[in-house]
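2 protein chains.
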Amino acid sequence: MARRRYLIAYDIADPARLRRVCRVMEAYGQRLQYSVFLCDLSKLELVRWRADVHEVIDYGEDSVVMIDLGPEGAAASVTQLGRPRDLPKSGPAII
Amino acid sequence: MARRRYLIAYDIADPARLRRVCRVMEAYGQRLQYSVFLCDLSKLELVRWRADVHEVIDYGEDSVVMIDLGPEGAAASVTQLGRPRDLPKSGPAII
Numbered sequence: 170m171a172r173r174r175y176l177i178a179y180d181i182a183d184p185a186r187l188r189r190v191c192r193v194m195e196a197y198g199q200r201l202q203y204s205v206f207l208c209d210l211s212k213l214e215l216v217r218w219r220a221d222v223h224e225v226i227d228y229g230e231d232s233v234v235m236i237d238l239g240p241e242g243a244a245a246s247v248t249q250l251g252r253p254r255d256l257p258k259s260g261p262a263i264i
Numbered sequence: 170m171a172r173r174r175y176l177i178a179y180d181i182a183d184p185a186r187l188r189r190v191c192r193v194m195e196a197y198g199q200r201l202q203y204s205v206f207l208c209d210l211s212k213l214e215l216v217r218w219r220a221d222v223h224e225v226i227d228y229g230e231d232s233v234v235m236i237d238l239g240p241e242g243a244a245a246s247v248t249q250l251g252r253p254r255d256l257p258k259s260g261p262a263i264i
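Just so you know, the protein sequences line up as chains A and B, in that order. Per the working numbering, the first sequence starts with residue 170, numbered consecutively. Per the working numbering, the second sequence starts with residue 170, numbered consecutively.
Worth double-checking, as some hints may not be accurate.
Put simply, identical chains are the same to the list, so a pair is met inside one copy or across any two.
Stated by the list, open to error - Here are the simulated lysine to any residue pairs, SDA-like style, with alpha carbons at most 25 Å apart:
(1) Lys-212 - Gln-249
(2) Lys-212 - Glu-224
(3) Lys-212 - Ala-196
(4) Lys-212 - Ala-185
(5) Lys-212 - Gly-251
(6) Lys-212 - Ala-243
None of these hints come from the bench; they were simulated from the model. Quantities reported herein were computed from a predicted structural model and do not represent experimental measurements.
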């Protein structure tokens with residue numbers, strides 16, 4: 170299954186929505202920072218992620234940004250200064 | 170001057186350091202989210218950014234990640250859900 174690596178970052182205005190977005194993100198990828206995740210997703214997983222996030226965010230108050238970093242395994246590299254984080258090995262934990 | 174677009178995100182443990190990192194980031198790029206910036210930087214500007222950040226962060230507590238999104242003008246695209254943000258037109262505000 171071909172996957173692409175995405176960086177997904179979010180600013181969620183409401184604490185309850187923030188917790189729900191975090192739960193969604195943890196099912197699809199790996200936390201790089203407090204509100205920044207790296208996710209290796211197939212096209213189907215990307216559609217599911219989008220539907221799950223759509224259910225939670227308030228489009229007037231919240232902001233989610235997604236950047237396609239390229240094919241899994243050949244994606245843009247991540248340079249880390251300070252406290253390092255593990256990068257995703259492959260694919261979401263739970264579909 | 171050839172520039173590349175970088176996504177820079179940070180988790181800074183100490184409020185005073187966080188303010189200083191914010192000031193550094195605002196001089197080099199455009200805020201995409203609370204702790205996520207897009208910066209179009211030449212090689213020289215990248216070296217200066219790194220030196221400036223090095224002066225501020227605590228390598229044991231703080232985390233800064235930087236992802237090269239490609240040449241300015243042909244960089245990886247940013248998909249935004251919810252409240253949109255302006256993307257950088259070009260180059261840092263203050264060298």
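Quick rundown of the hints versus the structure:
In this assembly of identical chains, the alpha carbons of Lys-212 and Gln-249 lie at most 25 Å apart only when taken from different copies (18 Å versus 28 Å within one copy). Within a single copy, Lys-212 and Glu-224 get their C-alpha atoms as close as 19 Å, which meets the 25 Å cut-off; across copies the closest is 42 Å, which misses it. In this assembly of identical chains, Lys-212 and Ala-196 lie within 25 Å of each other by CA distance solely inside one copy; the values are 16 Å within and 37 Å between copies. For the identical chains of this complex, Lys-212 and Ala-185 are neighbours neither inside a copy (28 Å) nor across copies (42 Å), given an alpha-carbon limit of 25 Å.
For a Cα distance limit of 25 Å, the shortest separation of Lys-212 from Gly-251 across copies, 21 Å, qualifies, whereas the shortest one inside one copy, 33 Å, does not. For a Cα distance limit of 25 Å, the shortest separation of Lys-212 from Ala-243 qualifies both inside one copy, at 17 Å, and across copies, at 23 Å.
Comparing the model with each earlier hint shows a violation of hint 4 alone; every other hint is respected.
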